[in-house]
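Reconstruct the complex from the two isolated chains, following the hints.
As a plain string of letters, each chain reads:
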Amino acid sequence: MMHIKKVIDFLHSKTKKEFDIYERSPEKYQLILPILHEDGDMVDVYLQDSPNGQEYIRICDFGMAIMRLSCTYEINSDARQRIFNNILINSGVQNNQGNLYLDSTLETLYENILQFTGCVQKVCNMRHWGTETTKNVFYDDLKNYITIELGQFNPAPNKSPLLDYPIVSVDWSLTHNDRNLYLFGILGNNKAKVAAIALLEFQKAHIPFIGIVVHEDMDILGKKERLYLTKNADKQYPVLDDFKEKAVADITRLAA
Amino acid sequence: MLTDEEIQYLIDAPKKITSKHPTKGYTEENGHKRCYLELAGISADGKNFSIFINQNNTFQENFSIGLRYKTKDKAFGSVTLIRYNGSHGETRKNQDNHYHQPHIHRLTAIETKSGSTDPQEKHRKVTGKYNAFEDALTCFFEDIHVQNHFQFFPELRQTRLL
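So the sequence lines, in the order shown, correspond to chains A and B.
Numbered according to numbering that gives the first Met the number 0, the first sequence terminates at residue 255, and the numbering increases by one at each position without gaps.
Numbered according to numbering that gives the first Met the number 0, the second sequence terminates at residue 161, and the numbering increases by one at each position without gaps.
Quick caveat, the hints were computed from the structure, so don't treat them as lab data.
Please note that the accuracy of each hint is not assured.
Claimed, not checked - Here are a few chain A residues that face chain B, going by a calculated C-beta distance under 10 Å:
id : residue
1  : Met41
2  : Gly62
3  : Ile65
4  : Met125
5  : His127
To be verified - Computed far set for chain A versus chain B, every beta-carbon distance over 10 Å:
id : residue
6  : Ser24
7  : Ile166
8  : Asp233
9  : Thr251
To be verified - The list that follows gives simulated cross-link-like pairs (lysine-lysine, PhoX-like), each with its CA atoms no further than 25 Å apart:
id : chain 1 : residue 1 : chain 2 : residue 2
10 : B       : Lys92     : A       : Lys16
11 : A       : Lys27     : A       : Lys4
12 : A       : Lys4      : B       : Lys92
13 : A       : Lys121    : B       : Lys121
14 : B       : Lys71     : A       : Lys190
15 : A       : Lys222    : B       : Lys121
16 : A       : Lys27     : B       : Lys32
None of these values were measured; they are calculated from a predicted model.
Here a beta-carbon is modelled for each residue, glycine too, at the ideal position from N, C-alpha and C.
Bound-form chain B, shown alone (with noise of 0.2 Å):
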């Protein structure tokens, strides 16, 4: 059961990347296109993550982009640390009239400790961090410190435009 100053050293472990799954690009099917990183973490005693990520064809604002944390605990498997989110709608309206807005999610302890062997990340922060897909899987790979993005998403090399 992790705590929540395990959980952000977790995302603050820095890592790299050690495969992308499609190697290049990203797979679309189902109305979507995805990519999947398998990543090791460098000063992290060999711990293990993964991140997914996700963006809609239809509203691209609409993108989930997650890390994942393959813990040692045979019950709990993989859990989802931090999951940076585009707008993609809102049960409240916002201050400009709008039922959207760019959020994170983050995993803490009150969902490790509720004895459920699936925890979910349910704490939500608006943010105003990014609002593209591509500034916010800047702004993540920046975040959880990962070291060597460029090599896989070359892309992400241009100015971010804010």
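Only chain A is shown next, with the shape it has when bound in the complex (with noise of 0.2 Å):
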């Protein structure tokens, strides 16, 4: 069991007293802390009984940070849900059913408790990573695998078929055996409308070409959108670790 006068003491000489422990329930000790939110409110945190032996302490908060996220933000995507695990993994953090925790030794209490209130904070401030990051994160990266590993293609961006429709553009231009290729990175409903109105005017003006379409993540758009594709382009990818495996097979294959 926990020796808590020892981790009271030890936390004292560390911090000068500014770190203060507070039994809110029996054996669940809560982390007084001058480490706020953005709020003003302070990041939950709490110690208590590792299960994993008497030598060491369990850092936890009880569901508190997923719990203050979901007011305004849900992981309820692959993306964000990659994004959610990669803050706890980077920060040596795990999850037990929404709650946080990190087992320390009364040595490297400390330190821990600092790295555990930084991850908490990252994971409330989602939001903030969410959109941008998520949608940063795609476009560079099929950015970069075209560039570097479709070379053979001619690979140009954000090129315009149609002369007189210059508005009208696709995100990157692929060519083999004279034969074009026009292929669209969708992250996104508006992004997949956009898309599919370029492929449907690019069959309007009887132009020939092979259209491609690589998803950051295909199940999250909404059903009418995913419709609008597979009716209008020739092949589509569900992600774009998907469109790496197959691209140059397929493109040869396509344009043959």
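Here it is in structure tokens:
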């Protein structure tokens, strides 16, 4: 069992009593810290016995971070789940049914408390990361793959195939065997609609092309948007990894 | 960018709940229970609001009930106007030697004009209006003038205990 007096004395010695401990309920000790969220509320951190042995103290939050996050943000897509997982993994923090935790020895408790609170603050501020990070990472990854790995297909960005309708453009134009392949990276419903309209316009203009769509995550699109793209694209990849795995072989075959 | 008067107007505007998720009770996951409400302003010219209600399973006095307003500004999106919190820990001891008190967060013009497109409800005030979760819910619905909350929370019809 954790010797709470030893823990209190240790933290007081390390922090000149800036940290305090309050027994919120039997054997669940809340840390009183001068570490706050953006709205001025204290970050919720608790100490309790670790099931991994007497030499460990469990730093945890009893689900408070995810509860706070859920007020304004849902982890409801693969991309968001990946970001959440990365935050935890990179901080050395684990998740047991919403309870974030980190087991620490007494000697490293102070450093691990700071590590844990940093992780909690990142989780609680995931809304800042979600949209921009996911968007930027996907389009950057797609660009890097196309320019580095698909050089043989002469990739050209932002091409407008219809000379009298330059507003309709493609993300990437590729060529193989004198055949044009027009590629769209899709993240979100709005981009899906724009791509579907472009594909329809090319068909209306009777220009020969092969339409390729690469999704950041096909599952998050609406039903209508998925239908538009399925009806008008020649080839779709539900996630970027799928495209990376098959692009060269598929482009060679499609443009044979 | 909302002024303090506009924020107060939105909080005071009569509202009605148009939907609740889940339709009955609460969702329980990740160590807490929660539900989400959509509301419409009755006199507030088609303004749309939502409410989040969360309560921790381990510490039931740790809850958060908030009113969000869907602005028409794309940059801002939705903002939380006011949030009723239970006692979840303070950095200073209260006079009764406890580290926690119920308190109310509120958005102010200082934050809406700060330049952030995600202004936070930094203004905090300790309150004696409620202690338990159900009392806070009743108080919250009354204070923000929701007219049909008993339809969705019939358990609140019981007399408030204070």
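Hint-by-hint comparison with the structure:
1. Met41: holds (5 Å)
2. Gly62: Since the shortest Cβ distance to chain B is 3 Å, the answer is holds.
3. Ile65: Holds: closest Cβ of chain B sits about 5 Å from Ile65 of chain A, inside 10 Å.
4. Met125: violated (12 Å)
5. His127: holds (7 Å)
6. Ser24: violated (7 Å)
7. Ile166: holds (21 Å)
8. Asp233: The claim stands: Asp233 of chain A keeps its Cβ more than 10 Å from every Cβ of chain B (closest is about 34 Å).
9. Thr251: holds (43 Å)
10. B:Lys92 with A:Lys16: Holds - the C-alpha atoms of Lys16 of chain A and Lys92 of chain B are around 13 Å apart, at most 25 Å.
11. A:Lys27 with A:Lys4: Holds. Lys27 of chain A to Lys4 of chain A sits at ~14 Å (cutoff 25 Å).
12. A:Lys4 with B:Lys92: Answer holds: Lys4 of chain A to Lys92 of chain B is near 19 Å, not above 25 Å.
13. A:Lys121 with B:Lys121: holds (18 Å)
14. B:Lys71 with A:Lys190: With a Cα-Cα distance of about 22 Å, the restraint between Lys71 of chain B and Lys190 of chain A holds, given a limit of 25 Å.
15. A:Lys222 with B:Lys121: Answer violated: Lys222 of chain A to Lys121 of chain B is near 39 Å, above 25 Å.
16. A:Lys27 with B:Lys32: Judged against 25 Å, a Cα distance of about 20 Å means the pair holds.
Comparing the model with each numbered hint stated earlier shows that hints 4, 6 and 15 do not hold.
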